[in-house]
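K.L.:
Fit chain B to the given chain A structure using the hints.
The primary structure of each chain is shown beneath.
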Amino acid sequence: MATKTYLQAISDGLREEMRRDSRVFLIGEDIGVYGGAFKVTQGFQQEFGEDRVIDSPLSETAITGACTGAALMGMRPVCEMQFSDFVSCAFDQLVTVAAKQHYRVGTPVPIVVRLPSGGGFSGGPFHSQNPEGFFAHCPGLKIACPATPADAKSLILAAIRDPNPVLYFEHKHLYRRIKGEVPDGDTAIEFGKARIHQEGSDLTIVTYGAMVYTAEEAAKAAAERDGTSVEIIDLRTITPWDKEAVLASAAKTSKVIVLHEDTHTSGFGAEVAATIAEEAFESLDAPVMRITAPDTPVPFSPPLEKAFLPQPEDVLAGIERLAAY
Amino acid sequence: MATGTVVDVVMPQMGVSVSEGTITRWTKQVGDRIEADETIVEISTDKVDTEVPSPATGIVREILANEGDTVPVNTRIAVIAAGDGAAGDEAPAPATDNAEETPATPETSQTMAASAAPAPQPAAPTAAEESNGDEDDSSGRTFISPVVARMLAEHGLDINAIPGTGRGGRVTKKDVQAFIDGGGQAAAQAPPVHDVPHFAPPAEETVVVETPPPAPQAAPAPAPQPSAPAPAAPVAAQPPATASDGEELYQFNTIRKVIARHMRHSLDTAAHVTTVIEVDMTGVVNLRRKWKPEYQKRYGVNLTYIPFIARATIDAIGSWPWVNAEVRGETALIKRYVNLGMAVAIDDAKGLMVPVIKHAEEMNLVGLSRAVIEMAEKARTKTLSPDEMAGGTFTITNPGVFGALMGTPIIPEGQVAILDVEAIVKRPVVVTDQHGNDSIAIRHMMFLCLSYDHRLVDGAYAAQFMAQIKKSLESWDEQAFGL
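Protein sequences, first through last, are from chains A and B. Heads up: the first sequence is residues 1 to 325, going by our numbering. Heads up: the second sequence is residues 1 to 483, going by our numbering.
Because the hints were derived from the structure by calculation, they are not lab data. All figures in this text were calculated on a predicted structure; none of them were measured in a lab. All C-beta atoms, glycine included, are put in the ideal place defined by N, C-alpha and C. Wrong hints could be hidden among the right ones.
[Said to hold, decoys possible] In silico lysine to any residue, SDA-like type, Cα no more than 25 Å apart, as pairs:
no.: 1; chain 1: B; residue 1: Lys-174; chain 2: A; residue 2: Arg-104
no.: 2; chain 1: B; residue 1: Lys-174; chain 2: A; residue 2: Asp-12
no.: 3; chain 1: A; residue 1: Lys-252; chain 2: B; residue 2: Ile-144
[As the list claims (entries may be wrong)] Computed far set for chain A versus chain B, every beta-carbon distance over 12 Å:
no.: 4; residue: Arg-20
no.: 5; residue: Gln-198
no.: 6; residue: Ser-201
Okay, chain A solo, but in the shape it has when bound (with noise of 0.2 Å):
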């Protein structure tokens, strides 16, 4: 076990995999001679060869149809875009072709996205956003927000091996920023498990991705203010989510804040907030609230990117509220 940053974790993962299957292989644009726009692949195509390490030309529509047309061959192709946002170009080759191939043919589609999403650094609305909530909304898809390195690792290996085209949304923000431990070896781990990040008994935060870590330093002030006690769920994958941990924890605190740094309208948090009105009704002593940001595109200007993004003091406020409800 070593301690690693987030970003390494997915790059040893993705070696370790390339290591053990000779059928994974990467795409992308500038991930070969260059590394990747944030080295992730740095290295690798010294170690793998020009092909198994593709420079792509810059078309994320031949990017992900070349990954699925690989796939059906028998390969297990992992891509990369650039930034997630580059990946409403590829959309009709995910959605139309790769999430219904299965369920036209009855082939597999093994293929990765990976997809460098998240704001906060001044990227502007086109370098910021995070795009899960329109693939969650598509059937056929699979799609993993880790929040961890342990779990960058741990998803990254696992989503290889799925038969089923899966996006790995890896948060910039997180990349060299967070470190932990990350074990060695095979530590693949199932889709649509949970991870409860503290647990609490006051009020529960839902969330994923960077957020876990918001929520965490607005959990961390709540209970020095006042001692509330904040229960915090990160999803870890959101296709397919862990409906029985989000219940079981909202039948615990009976107040649910869902959290995500994608915007509020029909966000993946409406899904899960709509599940525990459906499923946990009884269970609540408060009405669920969402924590999100605005509809609204992310903004250059570093001041009102920070009022973009939900901060630990929004959800401090959020927690405030809803623990005097």
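P.N.:
Showing chain B alone in chain A's frame:
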């Protein structure tokens, strides 16, 4: 808005013992123009259903309580932007005082799941968002969350027994859990019990303090308003009733609920005793028969027996004032004025209202006759004002009109005695003349039954009070009659 004056509409205090009211219907909506004294909302309270007049002319800017909500008195239920012509020409302002609540610039969106999301362009917040964000929203006491409802049902608890610590006094899951964990004892600070004095006694009232006198620090501070009574123990929840063949399901209306609650609470509080005395009404019967047409002609009122009995009772109260009192803890307020409650059956005897004749001690038989008729009529047509049902100090009920012979009435809350007037029937009785000779005669006889609170009034005291009423009625002075 063109004008900055804002006037709050609050749930009015409908009588001393009323602590909350229910919004029945808003007659105006946000944005509507309203004149001062025009009805803005209809409410229902323990005492009365009534209309609330607008305190100002202007535009209804906010409505803070929904129809069906029950809120404590003095809770803000609406806001009126006061002003005349200018304000009326404008579109209604966004229903908010706080500009920052309008998401004109991007900001972190934080709303309850039930409320609409703010659109990218500036939009008025919805009413749901408004009330969610309003720290002053105190309508929560009556909101029972799903989990609280389930826990109450599972444990057979009465929510009124549980102190609420949530927003606006709402009973939270934690409050219920603490109540259960405490073996039914309130975990939080228990609300003041009914007997705590609500206010300083008016000058007309005499305070009788039982010995030993309370130490200065023991004297409870006047509470701002009367609180709802807190039952001592959880009341087992009844399974919901369903009607089978040959049965009819009747859902308690507001009046029925109030009667049920008050009757139960009175029995739980006062030490009820009933004393019965028999009165020979022959003299009064003859007087009434003789004077009835003249009364009708001269005063235009129908002379009944009740004014005679009321007058005799009021006179007896003058000699025995402790029956005209209110017990508060170990203190009694003895009242020198008589606000006479008259129980009136309404809705085909499926309901009861108790109008109060204020300062009945100042009225002669004509005045009492008029007051009784007027109040009974108002009760039956449900046009009583809240004031006309508040402040009773002693109550008379009259099931005798239906032929009843005896009863043990329940004392109204805030009083210590109620007089039950029974039917006047002809009976053979032993009468004694001035020489001491007994004979059997046919006389008009009537029972009077007095229920009283033995915490304050003892049997000997009550019996002497009754004896004086009897004496007055049996020796009515015709010379003083009718004047």
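K.L.:
For this structure, which hints from the list above don't hold up?
P.N.:
1, 2, 6
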